[in-house]
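Go ahead and model the full structure; you've got the sequences and the hints to work with.
No gaps in the numbering here: position 42 of the sequence shown is 42 in the working numbering, and each next residue is one more.
Simulated from the structure, these hints should not be mistaken for lab results. Just so you know, even glycine gets a beta-carbon here, dropped at the ideal spot from N, CA and C. Treat the hints with care, since some could be wrong.
To be verified - So the derived label-pair ranges between C-beta atoms look like this:
#	residue 1	residue 2	range
1	Leu35	Arg4	39 to 47 Å
2	Arg4	Leu37	24 to 32 Å
3	Ser8	Leu37	39 to 47 Å
4	Leu35	Ser8	38 to 46 Å
5	Tyr36	Ser8	40 to 48 Å
6	Phe13	Tyr36	29 to 37 Å
7	Leu34	Phe13	25 to 33 Å
8	Tyr36	Pro12	30 to 38 Å
9	Pro12	Leu37	33 to 41 Å
10	Leu35	Tyr14	29 to 37 Å
11	Tyr14	Tyr36	29 to 37 Å
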Amino acid sequence: MPPRYPYSITIPFYLYTLLSLYSFISMLFYNYTLLYLPKPGSTAKA
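Shown next, in the form of structure tokens:
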């Protein structure tokens, strides 16, 4: 059987993993919107 870790270790690690995953996805989505959405200043020059 796998060893049972105490909740004081498991729960913060689980929350930290979810938070880092969420921040990574939001960063990717933010970069995607910056790259592929038309910018307000670029339409006049193009």
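How the hints compare with the structure:
no.	hint	in the structure
1	Leu35 with Arg4: 39 to 47 Å	45 Å, holds
2	Arg4 with Leu37: 24 to 32 Å	48 Å, violated
3	Ser8 with Leu37: 39 to 47 Å	44 Å, holds
4	Leu35 with Ser8: 38 to 46 Å	42 Å, holds
5	Tyr36 with Ser8: 40 to 48 Å	43 Å, holds
6	Phe13 with Tyr36: 29 to 37 Å	35 Å, holds
7	Leu34 with Phe13: 25 to 33 Å	32 Å, holds
8	Tyr36 with Pro12: 30 to 38 Å	36 Å, holds
9	Pro12 with Leu37: 33 to 41 Å	36 Å, holds
10	Leu35 with Tyr14: 29 to 37 Å	32 Å, holds
11	Tyr14 with Tyr36: 29 to 37 Å	33 Å, holds
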